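K.L.:
Work the whole structure out from these sequences, hints included.
There are 4 protein chains.
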Amino acid sequence: MVIVMTPEATAEDVARIVEKVESVGGEAFVSKGVVRTIIGLVGDIDSFHHLNLRGMAGVGDVHRISDPYKLVSRQHHAGRSTVWVRGVPIGPDTFTFIAGPCAVESRAQTLEAAEMAKAAGATLMRGGAFKPRTSPYAFQGLGVEGLEILSSVREATGLPVVTEVVDARDVAVVAEHADMLQVGTRNMANFGLLQAVGESGRPVLLKRGMTATIEEWLMAAEYIAQRGNLDVVLCERGIRTFEPATRNTLDISAVPVVQATSHLPIIVDPSHAAGRKDLIVPLSRAAIAVGADGVIVDVHPDPESALCDGPQALLGADLRALAQAVRQLPPMVGRVDASTLSRTPVVPR
Amino acid sequence: MVIVMTPEATAEDVARIVEKVESVGGEAFVSKGVVRTIIGLVGDIDSFHHLNLRGMAGVGDVHRISDPYKLVSRQHHAGRSTVWVRGVPIGPDTFTFIAGPCAVESRAQTLEAAEMAKAAGATLMRGGAFKPRTSPYAFQGLGVEGLEILSSVREATGLPVVTEVVDARDVAVVAEHADMLQVGTRNMANFGLLQAVGESGRPVLLKRGMTATIEEWLMAAEYIAQRGNLDVVLCERGIRTFEPATRNTLDISAVPVVQATSHLPIIVDPSHAAGRKDLIVPLSRAAIAVGADGVIVDVHPDPESALCDGPQALLGADLRALAQAVRQLPPMVGRVDASTLSRTPVVPR
Amino acid sequence: MVIVMTPEATAEDVARIVEKVESVGGEAFVSKGVVRTIIGLVGDIDSFHHLNLRGMAGVGDVHRISDPYKLVSRQHHAGRSTVWVRGVPIGPDTFTFIAGPCAVESRAQTLEAAEMAKAAGATLMRGGAFKPRTSPYAFQGLGVEGLEILSSVREATGLPVVTEVVDARDVAVVAEHADMLQVGTRNMANFGLLQAVGESGRPVLLKRGMTATIEEWLMAAEYIAQRGNLDVVLCERGIRTFEPATRNTLDISAVPVVQATSHLPIIVDPSHAAGRKDLIVPLSRAAIAVGADGVIVDVHPDPESALCDGPQALLGADLRALAQAVRQLPPMVGRVDASTLSRTPVVPR
Amino acid sequence: MVIVMTPEATAEDVARIVEKVESVGGEAFVSKGVVRTIIGLVGDIDSFHHLNLRGMAGVGDVHRISDPYKLVSRQHHAGRSTVWVRGVPIGPDTFTFIAGPCAVESRAQTLEAAEMAKAAGATLMRGGAFKPRTSPYAFQGLGVEGLEILSSVREATGLPVVTEVVDARDVAVVAEHADMLQVGTRNMANFGLLQAVGESGRPVLLKRGMTATIEEWLMAAEYIAQRGNLDVVLCERGIRTFEPATRNTLDISAVPVVQATSHLPIIVDPSHAAGRKDLIVPLSRAAIAVGADGVIVDVHPDPESALCDGPQALLGADLRALAQAVRQLPPMVGRVDASTLSRTPVVPR
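Chains as they are written, first to last, in the UniProt record's numbering: chain A, 1 to 349; chain B, 1 to 349; chain C, 1 to 349; chain D, 1 to 349.
Errors might be hidden in some of the hints.
For identical chains, the list gives no copy identity; a pair is met inside one copy or between any two copies.
Said to hold, decoys possible - Result set (BS3-like, lysine-lysine): computed pairs, CA atoms no more than 30 Å apart in a straight line:
(1) Lys-70 - Lys-277
(2) Lys-32 - Lys-20
(3) Lys-32 - Lys-277
(4) Lys-277 - Lys-118
(5) Lys-277 - Lys-20
What the hints contain is simulated information worked out from the structure, not anything from laboratory work. Please read all numbers here as calculations on a predicted model, not as lab measurements.
P.N.:
Here's what the structure looks like:
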């Protein structure tokens, strides 16, 4: 930590800070500049946090130097992790393709979408039973009935299930049916939910808050990790900017930035970032090339009748183009397409 | 609703849309342009929502024309509402000053802050017992013990209590002690929590999500209203932008924008918007002048030792300047300072 | 300046930096932390800039401590400045109301708008002869003919003229007719233009770039000041955010932030920030209350026929409400309405 | 165009609009809704623009339907264009790699950087002689001397030169030495400069304004095209967001979005977007995969001593990795690496 004093700070102000830092066992190095004094702190950063140094007289600014997260940082965990979802890996050596309908509407629709996904090379199936919707008048999902459909489709197709949980009170029932729990963009800072999924015993897919910084996102992952669950996969899904041509702006740079500071896997959701079907294939290609550990996309057998996000769901030629990209591009960046791995078959639970 | 067809749309595409709209009892007016065709829809907008028109062939864009919220809109409720919090009004005729510490740390600190607030003209007291913090390693609040302190300080000072609830599972216990439930910026889109406070029987202070549009914020209020609770006060607290000089950018224009479209009261939180003590007084003056129904600010008897947001807490000369502004400016914009109203004394519950 | 080394930096990396800093006469204080080393630099900051320290091996980050601008900073010029525009002050003791049409369309329209402005209490007239427009197909202004109209209207009304210059090649001709040169939001970083107005001998109204940080804006003012022209007035006109309800988001906090770090006057343009007529009066009130040194607003005798920004131009009841605010509110924040000052009459040049 | 009337609009308001539209030869289709009336306009959009419909009584909103740009649109020019820079193509069939130092510092440094670039597969050389800098105290470039160095290095290496012009008054001299004129992010809305390069007879590289929407960017290209110059290449270089981990946020989606609406080529600048050397290679790979027509990157023989943007300049292993990506990836997305094309040798002018 570095404390920058204001130009008006007195020698007494500096002395009080040094004393306070030393009172918790830290060391303070004072550098007097022409205009300002700088104090470098050495010692246990957590103990410094409780000193409220920012509130002390004469303090202009406090710069944090090391990362505020620990369990998810690469600082003490240099290699990159692989998270296994019922036998399917998401990590640095593979490229994992996850697909399915935005919302579970019926068994027939879900099964058909899952079969489309599987045929295109997907090894995990997505589908929402609980939908967080901006409007209370929009379709909110089938709830437990949707979870049962997902279970049944998993048995039929062999694809493990990723599904969203929106309320801490639902974690138990969702964990009963799902293989991976998704925390959505609107809930990235719902700390009660983060703690609940941290105790669920299931891997977690943590979407980036649509206006969260990467650091805040990693802090959210730290909440989950702190409850003993390190099986967290991050998902970049676009951030809010002034550009109206896409629903959000896919922050593709977040992939290498996260990989440089955290050991957790990171995948990309081009469907929700763009909100436009015509961008899914190029953005998926970009995700593979930038080094993402996977992509998650919306597919639907009949987008015109979809109850949720129809305009971004893939089918037909687009889905074939995506399937081809998922087969051909990962080897160019040193990865194995996860669908080509042999895997222990899924058995009903 | 207006549907704009793509330049490539066929006459058949248009006919299918007209047919679909008419199938739910709506009317469709077709205007053929040189390049594009436009279809204006007339009828029940909710029935149109379920048609997933965006997903149909030939559709380029769908423009919504009327507001997506109803209960909180001025469209069917022209006057502006007053919300009463244990006898204290927040609404168009008054200006309400709410103050207190960011976090409840002890009974002594809370009582002292509440007395500072009251002396400065505050008629409601704020203070956090449950704190949503970005870091799992930061102080998370005293919980139920904090609520009991707030109750006890209310009895001592007569100031009704506004406090945050961060988890739907805590709504009952918070409602037992608090006079107004605050939903914080990170939870604006936590729909389970919104529904729970909507059923709590207490007035709600709904902060704007730090990156929510005004429309999304009003939709969040609609979630609460839909559960039968129209006692919702909105609170503008700054939005996330690229400007680093302030923690967030106070969107002062949101006050008149909200007042033009919703009947709900709206107040301003300059402390969390700016994150800097030196801006609280000028921003509070601006809030009064722009027509806000109140302000909510952090005060602390000893900001240097505060466990939360010390750098933005007011005391001494700044608090006196704010007290003066709250007395002098509201009459200039046709309002009564709420602290000058006679009021039924608060009796212990 | 503070240099934060990466965790991987070697003792040799640190030694090379110390040596480099000392080679230009600076001092370097090294603080070794558990994970990282921090180096505080003391000495002439300009000489450090040329060292390209960020590019050196082992350097993680470089924090600048003091302001990067000098001539416009309060650091060596503690009081706040007043800029005089042909006898009209803009500064800390007064509140200056500037009004006029967005674009000069004809002598009749400009004269009528100027008379409306004057009747409402304006002491300076605005009006554009050269218009920077996003579309090459939009009205680009009358050019020199517009300047001549402005001169003639100044003679008729006695109001000094503020007008925009968009090209360094036009500075001489605009300076011949105008009393204050405006640099618009799109040209805030047009450094050739900034230098040209810095040599023009006329006071300058420098609008904030619609996505400039406050620091970048002050650096733009520094460009003008560096050419010997300290008569610069800053104008906050809204920044680009994700909120669509207003054209831009008025950053009202920028007023006290600028006043804390720069001695230059600062005014507010609510018309271009909001782009909506109904917000001009409340935002002008907020500007006065927050401590702005003036406001600049669009007025037009016939907004329906305006060739530019008609929807935001005031007339009638709104203009009267604004006139009243400009008379009544400034004394509440310790200012004199500039229109009540006696002033040497304007003589034709 | 579609006009949405306010709920309060009268039949008379509607009639006045219809009349006005018909007065310029347009047709107006009126759809009366339960709450609002919608008017669809058919006819020449330019004539409608001059009507200032937004300013008319009863008008709530005006939605533009077709693109506001023409010459750069695909609407009347369905194929995608190739721009030739002294024999080097930038367009849909190839992938063009442009590299060089941020600033020209000396002949030796420029030559060495150009040779590095060429060895890595670059077919065009970049380098700045006129540098737009935020601070007036920063290095502003060598000016004409820098242009002469670039000419001389072109003769030595055979690489055509792309260089920035920052002032309309310099266009002639820059065009004399350069093969392609770059308009930088700060000047995207400097309309005088756009018109000047539009008349220069040289191809133009138009960077996106760091906070410009894609539509504004295409309108800037339209300014150039309108002066008779259709040899415009767009360059995405990151937009300003709240995320601090990168200097700007590379809007990778802009590539397919632009390609869907404009026939102009588009390349990506990962160096200025990220501002971090470690992201250049992954972002370049993403750019190729998403379908960009080229990339432009900073290289420098000695980044530690660079006078401009040293921290983002590539050399050594990173540059080799980039060279490999440029050779291997373009064929995966159906493109030819432009360096493998035979080309007429560059002759000194």
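K.L.:
Each hint: holds or not?
P.N.:
Hints, one by one, checked against the model:
Taking identical chains as interchangeable, the C-alpha atoms of Lys-70 and Lys-277 lie at most 30 Å apart only when they sit on different chains, with a minimum of 25 Å there against 38 Å within one chain. When the C-alpha separation of Lys-32 and Lys-20 is checked against a cutoff of 30 Å, the pair qualifies both within a copy, at 19 Å, and between copies, at 19 Å. Taking CA atoms no more than 30 Å apart as the test, Lys-32 paired with Lys-277 passes between copies only; the shortest distance there is 26 Å, against 58 Å inside one copy. In this assembly of identical chains, Lys-277 and Lys-118 lie within 30 Å of each other by CA distance solely inside one copy; the values are 19 Å within and 38 Å between copies.
Proximity of Lys-277 and Lys-20 under a CA criterion of 30 Å is satisfied inter-copy only: 23 Å between copies versus 57 Å inside one chain copy.
Against the hints set out earlier in the document, no violation occurs for any number.
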